[in-house]
Amino acid sequence: MFAYRTNFSDSLLDQFRRMEGELGELFGRDSWPAGIRSVAQGTYPPVNLGTTPEQVDVYLFAAGLDPKSLDISLQQNLLTISGERNGSAREDVNYYRKERFDDSFRRLITLPDDVDPEQVEARYRDGILQISVKRREASRPRQIEVK
Amino acid sequence: MENSNADKSEITARKSSEAGRPESEMTLRPPVDIFEDADGITLMADMPGVSSDRLNIEVDKDTLLVEGDARIDMPEGMDAVHADVRATRYRRSFVLSSELEAEKIDASLRDGVLNVRIPKRPEVRPRKIEVRVE
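Chain order of the listed sequences is B and C. Take the first sequence: its position 79, counted from the start at 1, is 79 in this note's numbering, and no numbers get skipped. If you count the second sequence from 1, you need to add 147 to reach this note's numbering.
Some hints could be false.
Unchecked claim - Derived Cβ-Cβ restraints for the label pairs, each shown as a range:
no.	chain 1	residue 1	chain 2	residue 2	range
1	C	S245	B	K98	23 to 31 Å
2	B	D116	C	R272	56 to 64 Å
3	C	R264	B	S38	35 to 43 Å
4	C	S199	B	D92	22 to 30 Å
Claimed, not checked - With a cut-off of at most 30 Å between alpha-carbon atoms, the simulated DSS-like pairs for lysine-lysine come out as follows:
no.	chain 1	residue 1	chain 2	residue 2
5	C	K251	C	K267
6	B	K68	B	K98
7	B	K98	C	K275
8	C	K251	C	K208
9	C	K251	C	K275
10	C	K208	C	K267
11	C	K251	B	K98
12	C	K208	B	K98
13	B	K98	C	K267
14	B	K68	B	K134
FYI, nobody ran anything at the bench for these hints, they're computed from the structure. C-beta: ideal position from N, C-alpha, C; glycine also.
Could you build all of it, start to finish, from the sequences and the hints given here?
Structure, rendered in structure tokens:
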């Protein structure tokens, strides 16, 4: 079961990498128009976004969050997630490396137009925040009968 | 530990890409905080998606290896629209020094944050030296 899942996600990611690489070669790194809300690589927290005909899933890779500090809202198809992860730094010790995020964050993500803001679910497990939004029935692919 | 040679993960990552290994073996380099107090060194690493049964911490001679597999719950047939994270395996290693007690390393994992405590040998912990007044 798990092996299947791993292969599945790897192949998805491979596809994505290949596609991005091809686009980069065709158009040059920076000439491809970027989404108006897209952010620089390395912005915290990293986000993955996937869709199926039934739903849209957003994954935030944000370890060590207090779910109570999270503020998630969905206005039509604009998802806003803000939260904070700070105050963990210690004064009485000698730091060698401080690479982990230590601040508040806010990310705005544009979802497909057909999401239903009334049907949202969010859960936090092992440091991944997963937000699932159902898509409207009407926009799902339908079989069209020929009379 | 602050010596850049101590962090081998960059070297490992470069080697594997040079060897032309399949990209699915690409690993993520978890961001870490490392700090020292009087009794030891603490390492904290962000590894979202990793649960304790998918985490592996090893000490081989003087090298501390931290690795883990992230589980991302994705429905079947999902299309990736956007992906900041494109691998599911975390891996990073560090060289320890001899005054640390590698056999007494303690690790815990909570909400994807790994916390590794490496104590110093008692004989190297700082002692307050009393000044006798005669």
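Quick check: which numbered hints come out false for this structure?
none
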